[in-house]
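One letter stands for each residue in the lines below.
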Amino acid sequence: MALEVRLRATGAIPLDVAFRAEAGEVLALVGPSGSGKTTVLRSIAGLWHPQEARIAAGGTTWLDTGARVNRPAHRRRLGVVFQAYALFPHMSAVRNVMAAMDRADEYEARRLLHLVNLHGLETRRPAQLSGGQQQRVALARALARQPQALLLDEPFSAVDRATRERLQAEVIALRAHLDMPVVLVTHDMAEAQLLADRMVVIEAGRMVAEGPTAAVMADPAALRAMGIRELAAMLPATIIERDADGLTRLEGPTGPLFLPGITDAPGREVRVRIMAQDVILSRQRPEGLSAQNIVPGTVLRSVSGTGPGVLVHIDVAGHEIVARITRRAADQMRLAPGDAVHAIVKSMSIARGQIIRAPEPRA
Amino acid sequence: MDWTALGLSLRLAGWTVVILLPVAVILGRALAYRRFLGKGLIEALVMLPLVLPPTVFGFYLLVAFGGNSPVGDLWQSLFGNQLVFSFEGLVVASVIFNLPFAIQPAQRGFEAVPVEVREAAATCGMSPARSLWRVELPLAWPGVMTAMVLTFAHTLGEFGIVLMVGGSIPGETKTIAIAIYDRVQAFDNRGAAVMSAVLVGISLVTIAVTYWLSARVGRRLS
Amino acid sequence: MLFSLSRRILWAALTALIAAMPLRGAAQDHAPVIAAASDLQFAVTELAEAFAAETGQAVRLAFGSTGNFARQIRAGAPFELFMAADEAFVADLHADGFTRDAGDLYALGRLVIIVPEGSTLTPDADLDALERMLTAGGITRFAIANPEHAPYGMRAREALITRGLWEDLQPVMVLGENVSQAAQFALSGNAAGGIIAYSLALAPEVGARGSHALIPGGWHAPLRQRMVLLNGAGPVAEAFYAYMQEPRARAIMARHGFERPGDE
Numbered sequence: 001m002a003l004e005v006r007l008r009a010t011g012a013i014p015l016d017v018a019f020r021a022e023a024g025e026v027l028a029l030v031g032p033s034g035s036g037k038t039t040v041l042r043s044i045a046g047l048w049h050p051q052e053a054r055i056a057a058g059g060t061t062w063l064d065t066g067a068r069v070n071r072p073a074h075r076r077r078l079g080v081v082f083q084a085y086a087l088f089p090h091m092s093a094v095r096n097v098m099a100a101m102d103r104a105d106e107y108e109a110r111r112l113l114h115l116v117n118l119h120g121l122e123t124r125r126p127a128q129l130s131g132g133q134q135q136r137v138a139l140a141r142a143l144a145r146q147p148q149a150l151l152l153d154e155p156f157s158a159v160d161r162a163t164r165e166r167l168q169a170e171v172i173a174l175r176a177h178l179d180m181p182v183v184l185v186t187h188d189m190a191e192a193q194l195l196a197d198r199m200v201v202i203e204a205g206r207m208v209a210e211g212p213t214a215a216v217m218a219d220p221a222a223l224r225a226m227g228i229r230e231l232a233a234m235l236p237a238t239i240i241e242r243d244a245d246g247l248t249r250l251e252g253p254t255g256p257l258f259l260p261g262i263t264d265a266p267g268r269e270v271r272v273r274i275m276a277q278d279v280i281l282s283r284q285r286p287e288g289l290s291a292q293n294i295v296p297g298t299v300l301r302s303v304s305g306t307g308p309g310v311l312v313h314i315d316v317a318g319h320e321i322v323a324r325i326t327r328r329a330a331d332q333m334r335l336a337p338g339d340a341v342h343a344i345v346k347s348m349s350i351a352r353g354q355i356i357r358a359p360e361p362r363a
Numbered sequence: 001m002d003w004t005a006l007g008l009s010l011r012l013a014g015w016t017v018v019i020l021l022p023v024a025v026i027l028g029r030a031l032a033y034r035r036f037l038g039k040g041l042i043e044a045l046v047m048l049p050l051v052l053p054p055t056v057f058g059f060y061l062l063v064a065f066g067g068n069s070p071v072g073d074l075w076q077s078l079f080g081n082q083l084v085f086s087f088e089g090l091v092v093a094s095v096i097f098n099l100p101f102a103i104q105p106a107q108r109g110f111e112a113v114p115v116e117v118r119e120a121a122a123t124c125g126m127s128p129a130r131s132l133w134r135v136e137l138p139l140a141w142p143g144v145m146t147a148m149v150l151t152f153a154h155t156l157g158e159f160g161i162v163l164m165v166g167g168s169i170p171g172e173t174k175t176i177a178i179a180i181y182d183r184v185q186a187f188d189n190r191g192a193a194v195m196s197a198v199l200v201g202i203s204l205v206t207i208a209v210t211y212w213l214s215a216r217v218g219r220r221l222s
Numbered sequence: 001m002l003f004s005l006s007r008r009i010l011w012a013a014l015t016a017l018i019a020a021m022p023l024r025g026a027a028q029d030h031a032p033v034i035a036a037a038s039d040l041q042f043a044v045t046e047l048a049e050a051f052a053a054e055t056g057q058a059v060r061l062a063f064g065s066t067g068n069f070a071r072q073i074r075a076g077a078p079f080e081l082f083m084a085a086d087e088a089f090v091a092d093l094h095a096d097g098f099t100r101d102a103g104d105l106y107a108l109g110r111l112v113i114i115v116p117e118g119s120t121l122t123p124d125a126d127l128d129a130l131e132r133m134l135t136a137g138g139i140t141r142f143a144i145a146n147p148e149h150a151p152y153g154m155r156a157r158e159a160l161i162t163r164g165l166w167e168d169l170q171p172v173m174v175l176g177e178n179v180s181q182a183a184q185f186a187l188s189g190n191a192a193g194g195i196i197a198y199s200l201a202l203a204p205e206v207g208a209r210g211s212h213a214l215i216p217g218g219w220h221a222p223l224r225q226r227m228v229l230l231n232g233a234g235p236v237a238e239a240f241y242a243y244m245q246e247p248r249a250r251a252i253m254a255r256h257g258f259e260r261p262g263d264e
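Order-wise, the sequence lines are chains A, B and C.
The first sequence begins at 1 in our numbering and counts up by one.
The second sequence begins at 1 in our numbering and counts up by one.
The third sequence begins at 1 in our numbering and counts up by one.
Hints may be right or wrong, so weigh each one.
[Said to hold, decoys possible] One side only, chain B facing chain A, incomplete, derived with CB under 7 Å:
| hint | residue |
| --- | --- |
| 1 | Ala112 |
| 2 | Val115 |
| 3 | Glu116 |
| 4 | Val117 |
| 5 | Glu119 |
| 6 | Ala120 |
| 7 | Ala122 |
| 8 | Thr123 |
| 9 | Cys124 |
| 10 | Gly125 |
| 11 | Ser127 |
| 12 | Leu137 |
[As the list claims (entries may be wrong)] Away from chain C, derived, C-beta distances all over 10 Å, residues of chain B:
| hint | residue |
| --- | --- |
| 13 | Phe57 |
| 14 | Leu62 |
| 15 | Gly72 |
[As the list claims (entries may be wrong)] Chain A stretches covered by chain B per the calculated footprint, using a threshold of three residues with CB under 8 Å from any CB of chain B:
| hint | region |
| --- | --- |
| 16 | 2-11 |
| 17 | 43-55 |
These are computed hints drawn from the structure, not numbers from a lab.
Owing to the predicted nature of the structure, the values given are computational and were not obtained by experimental measurement.
For glycine and all other residues, C-beta sits at the position ideal for the given N, C-alpha and C.
Only chain A is shown next, with the shape it has when bound in the complex:
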């Protein structure tokens, strides 16, 4: 039930990408504005026609320029959430969802709206809904199609940050119900890293990196395309308890972590995004520091860039943290692979949006 995509185009919008997303997998298409990622999505949807392409979903070939197969958009079983929602303005929310069904079923439409947490607003028109609510309706409508692939085109870029974080959390929660590949187009690395299992980095229409999220995040070519400042690592942790002074204690791979702003219940598994530039390194375990999170680990390797910075990859009980420090500091510390080192992260550096519930294991 996978989605296979291979595209090539020359001309005004050059493209050269090839990737595959498995059922239930979230694949993020990331790249700067104008890199062509939206064009790739529109090609999959059948709204744009590249010169050479093969697109197949769930075993059905949607497009094969070599074999002269080209299913028009309305004959591809896909669900699309557009950046501007694109809801039908003359239909209520529930009718919008029913419009995507082969056989209109109001009961099922209402169930889908409940699934995306839209309660009590089913009969409202889009003009009477907020941005976040409209996006939920768009998502329900995409799901109502019973798609073989779900395509999300920068779905959260048009809402405010608070709504965006809420919607991202809901998408994570929704994943347990999704058994189709999901392609997410975004220019936000953090969002990609938080939501996606696989990543494809596109620059000027060309694929620069492709693979599991962790691998791509470590890929220098990808980082160059996305900007080094976006580099971050994801650490899994379990919520233990919330302390009285507002910090929550979590159990990380090598010890406790203290983070603010967590509202989930104890026992929940989460992933914490730690940006490389927020990590300080120390050979000894420091005392008297304000930072609450001191994570012991082993140096894996150091990677120099063209500037004054150095990336130090640190193994933390099988997971990885990356620290970005000056070359001078690295020279002074004389770090070598295998050395024991402590990674220090300020609690306050980790914003609420950088903590995401771990996807539930699929049945």
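Chains B and C: place on chain A using the hints.
For chains B and C alone, coordinates are given in the frame of chain A:
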């Protein structure tokens, strides 16, 4: 009050609307969505009846459909009577000279449908026909309505072309506009005044009903 | 269903409209259409009523300029009887095979000069007052029928040429598409007057709005009005044609200012 002429005018306007409604939807939609070679030419041709003097237009119609033309002869062999000086001839002429009134507002109506909404309809699995019926027409409806009302009202009032192509044959081509002219020439100002008032009344009612319906559609969308 | 009230109303209206709209009108009777020159506006209307009263049969009437009707007949207009104001047009149609026969001379027409009420121009048969006002620059507009295709216009032109006023009247001349329209212009109050048909001037609707005087018949070629049955004319048209030659019809024509040919 020449009821025959009034009935004739209403029938002429009605048939023109019925014939031009699908034309307006299909052609207006094609012109709104697609950019194709010759689009500018087609748009100019559609506009042509608007800028041509009615007499020029009537003259060319007579030449094209009159007794000794291929079209006229074809009609005669098919139906046994002339195309000119007949009600059918008036309908043909009316459909042609109302093209700009029917197509342009419909085209504007379809242009107002956001392209994302059309793409969303396609990705929701709607074929172009289903998308037209369930998404585009409801949104483009004000434009299409305006087109039909303009066509209806314009046909009711058309004089020069009707006179040239149809003559003034009572019960066949003598529309109410021509009947009014006829009453004036017969020095029957009272008769002319009565019919004029009726014509104005019908036009006003038609326009008012359309605006009411348009407002309802507008409210549905907001 | 996604239909709203407004759409239902629209569909109902459209359906009703179509249901009530046969392409061939139900109201279409098969009464023959008579093309009559405009000067016959009142005479033939009365004749048609008398014909209907006497025979129970109806005719349909169309009025316009003789030349225009001749053109339409050549283009295939479905008239059955043509009552022209000038026999030359009938002769041409007959020569070209559009008519059943050479037709019948049914009347002789006369010209009058007519001025609207309150006009400074006085209608006199010699047109002396007209000449005086013209020289003095007091004529704003003067109306006749179009000499190109309306017989009464042609004759008016001849009369004015005979009287020597044609050239001087050119700058202020207004042409009516037919002699009825010329009468409209002449009596509109925007013109000093005009030359129209005697039969029109005698009608109460027209006569009440102005005063007139007969123009000498010798100043122009005679208005020999001929009628003719066209190809495809039916029995009702034939009956009307015959009726025109009966004494009752002749009397009505005489009352409308027409002379009988042979009575001159």
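Item to check | Structure versus earlier hints, numbers of those that do not hold, lowest first | outcome: Numbers 1, 2, 12, 14, 15 and 16, in rising order.
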